[in-house]
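Between the sequences and the hints, there should be enough to build the whole structure, so can you do that?
Here is what each chain is made of, one letter per residue.
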Amino acid sequence: MSRHVVARWEDIPAGGRKIVRVAGRELGLFNIEGTFYALKNVCPHQGSRVCLGRIVGTALPSNVYEYTYGREGQILRCPWHEWEYDITTGESLFDPNVKIVSYPVEIVGDELVVTI
Amino acid sequence: MGITIPVPVAEASQGSSTTLQTIDADLHHHIANWQEVAPYAPEGLRQRLARPGGPPLARHGFKMIGPRFGDAPRPSDANGKLGHPAADPAWVKAEYIDKRGVDIAILTGPVLSLGVQPNYDMAATIATAINNWTLATWVRPFSCFKGSILVAHQDPAQAVAEIDRLGDDPGMVQVLMGSASEAPLGRRQFHPIYAACVRHDLPLALHIGGEGAGMSPPATAVGHPTTYFEWYGSLPQVYMAHIMSMVTEGVFEKFPTLKVILYEGGLFWLPHIMWRFDKNWKAQRSETPWVKERPSSYILRHFYHTTYPLEVSHSDELAEILDIVEGQRTLLFSGNYPNWELGDPFEMITGLPAGLRSRVLGENAMALYGERLFGSH
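Protein chains in written order, with our numbering: chain A, 758 to 873; chain B, 5 to 381.
In case anyone wonders, no lab produced these hints; they're calculated from the structure.
Be aware that one or more of the hints could be misleading.
Here are the simulated lysine-lysine pairs, DSS-like style, with alpha carbons at most 27 Å apart [claimed, not checked]:
hint, chain 1, residue 1, chain 2, residue 2
1, A, Lys856, A, Lys797
2, B, Lys286, B, Lys296
3, B, Lys286, A, Lys797
4, B, Lys258, B, Lys283
5, B, Lys85, B, Lys67
6, B, Lys103, A, Lys775
7, B, Lys283, A, Lys856
8, A, Lys856, A, Lys775
9, A, Lys856, B, Lys296
10, B, Lys258, B, Lys286
11, B, Lys97, B, Lys85
12, A, Lys856, B, Lys286
13, B, Lys296, B, Lys258
14, B, Lys283, A, Lys797
15, B, Lys296, B, Lys283
16, A, Lys797, A, Lys775
17, B, Lys103, B, Lys85
Take a look at the structure:
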């Protein structure tokens with residue numbers, strides 16, 4: 758385990774993202790309402806650069822014929838096959854065992870530090 | 005027809021001391037004379053059932069090629085003229101039930117195009133008449149026969165009324181609809197029918213037969229087949245469409261105890277839709293957010309299948325497919341008497357993997373239908 762400075766947090770506004778390379782891998786950094794998340798830029802399905810996908814909300818699990826849109830800005834859709842991932846955990850919405858590798862993020866001064 | 009039919013030897017039930025029961029989920033009793041059925045109809049349209057040739061029924065226009073009854077036994081009159089093999093319950097009991105060692109047979113009757121008849125009220129009248137006639141002439145006098153509540157689902161309100169009328173009758177063990185339908189069966193107008201099934205704890209049986217008739221769409225998704233051969237071979241796609249509709253429209257989220265039996269559809273196509281459906285759900289889940297589990301889990305939990313006609317020519321593949329579709333739990337023996345044009349129903353299951361035979365012949369049906377199978381009526 759090692760800690761890496763990956764970005765200045767001011768460079769990633771709320772709702773934004775930044776792709777960085779660190780320790781031989783590519784990461785997506787996401788700012789959701791002031792909280793930062795780091796996901797490996799590899800879709801567990803077929804290896805796409807998943808962090809380039811659309812950041813959206815989704816229809817939450819609901820009763821039959823009811824539609825509840827929510828989690829705007831927290832769902833990442835893979836650009837290849839539109840699988841949905843929860844940015845805050847990396848987990849896919851259809852099976853929590855299918856997940857993007859995620860890393861802990863800290864704010865240290867002006868900088869974001871990721872532990873890999 | 006002078007053919008000696010081998011009597012199946014009852015086999016031990018997997019080391020258990022319980023007596024093996026053979027449950028035949030599909031016996032097509034026959035109306036030889038509508039004038040005998042007419043008195044059981046509600047008064048309003050009764051006389052139309054009594055007309056020569058029976059009530060008006062739209063048909064698909066296909067006629068079977070080959071020996072329609074195969075080697076099914078047939079009665080003959082004093083002049084040697086052969087009669088219908090399933091018109092007389094006493095004959096069927098003596099010549100099929102008793103000789104083949106069947107303990108209980110579930111009657112699935114003659115009019116499987118009822119749900120696509122254009123006259124809703126006529127269809128509901130026919131359903132009521134057949135149900136009453138079946139109870140009075142087949143089920144009450146013979147403990148070996150159990151009835152299905154036939155409903156005409158094009159008018160869900162009348163179908164629900166019929167289920168509520170007979171749903172607690174001890175002689176009835178399921179609700180029966182033709183799979184031929186104006187619309188996919190998951191659509192919400194049919195949900196009251198499923199609520200009624202659940203209310204009376206009755207499985208729902210779907211049976212092919214009316215595809216292409218009356219108000220039915222063409223029997224295939226690309227248009228009308230030309231021949232009986234093409235028509236019959238194409239029918240599993242109807243079940244594919246109904247399964248997909250019922251899962252995506254949330255039928256099993258609304259009615260988690262509903263069980264559906266698909267009659268005469270085979271099995272080998274099922275793994276395909278399970279896989280394809282699960283695959284697509286990963287991306288398309290948000291369109292039907294009430295589908296909370298992978299689609300195949302609903303399919304495995306809610307659908308049952310029957311053995312006539314089972315794809316048996318490749319026994320290794322059969323074992324593999326049965327494993328995928330959990331056939332040790334979901335496959336029911338169906339005799340399809342007397343429509344044996346594809347062969348003898350017992351010979352059809354000789355290729356079942358070891359250990360599955362007793363489950364398919366009886367245990368699965370007992371688990372599905374429960375006490376109703378054995379209650380007095």
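Against the structure, the hints come out as follows:
In summary, the hint linking lysine 856 of chain A to lysine 797 of chain A is supported, as the alpha carbons are separated by about 10 Å, within the 27 Å threshold. The hinted pair formed by lysine 286 of chain B and lysine 296 of chain B meets the criterion: a straight-line CA distance of about 11 Å does not exceed 27 Å. Proximity of lysine 286 of chain B to lysine 797 of chain A is assessed by CA-CA distance (about 20 Å); at most 27 Å being required, the pair is judged to hold. With a C-alpha separation of about 23 Å, the suggested pairing of lysine 258 of chain B with lysine 283 of chain B holds against the 27 Å cut-off.
Restraint check for lysine 85 of chain B and lysine 67 of chain B: the C-alpha separation of about 22 Å stays at or below 27 Å, so the hint holds. For the given pair, lysine 103 of chain B sits about 77 Å from lysine 775 of chain A by alpha-carbon distance, which is inconsistent with the 27 Å threshold. Distance restraint check for lysine 283 of chain B and lysine 856 of chain A: the Cα-Cα separation of roughly 16 Å lies within the 27 Å cut-off, and the hinted pair is therefore satisfied. Of the pairs offered as hints, the one joining lysine 856 of chain A and lysine 775 of chain A holds, with about 20 Å between alpha carbons and a cut-off of 27 Å not exceeded.
Pair hint lysine 856 of chain A plus lysine 296 of chain B holds up; C-alpha atoms about 18 Å apart against a cutoff of 27 Å. For the suggested pair lysine 258 of chain B and lysine 286 of chain B, the alpha carbons sit about 21 Å apart, so the restraint of at most 27 Å is met. Between the alpha carbons of lysine 97 of chain B and lysine 85 of chain B the distance comes to roughly 21 Å, so the proposed pair stays at or under 27 Å and holds. Using a Cα cut-off of 27 Å, the hinted pair lysine 856 of chain A and lysine 286 of chain B holds, with the two alpha carbons roughly 13 Å apart.
For the given pair, lysine 296 of chain B sits about 12 Å from lysine 258 of chain B by alpha-carbon distance, which is consistent with the 27 Å threshold. As the CA atoms of lysine 283 of chain B and lysine 797 of chain A are separated by approximately 23 Å, the hinted pair is consistent with the 27 Å bound. Distance check on the hinted pair: lysine 296 of chain B and lysine 283 of chain B sit about 14 Å apart at the alpha-carbon level, within 27 Å; holds. As the CA atoms of lysine 797 of chain A and lysine 775 of chain A are separated by approximately 12 Å, the hinted pair is consistent with the 27 Å bound.
Restraint check for lysine 103 of chain B and lysine 85 of chain B: satisfied, since their Cα atoms lie roughly 22 Å apart, inside the 27 Å limit.
Hint 6 from the list above is the single one not met by this structure.
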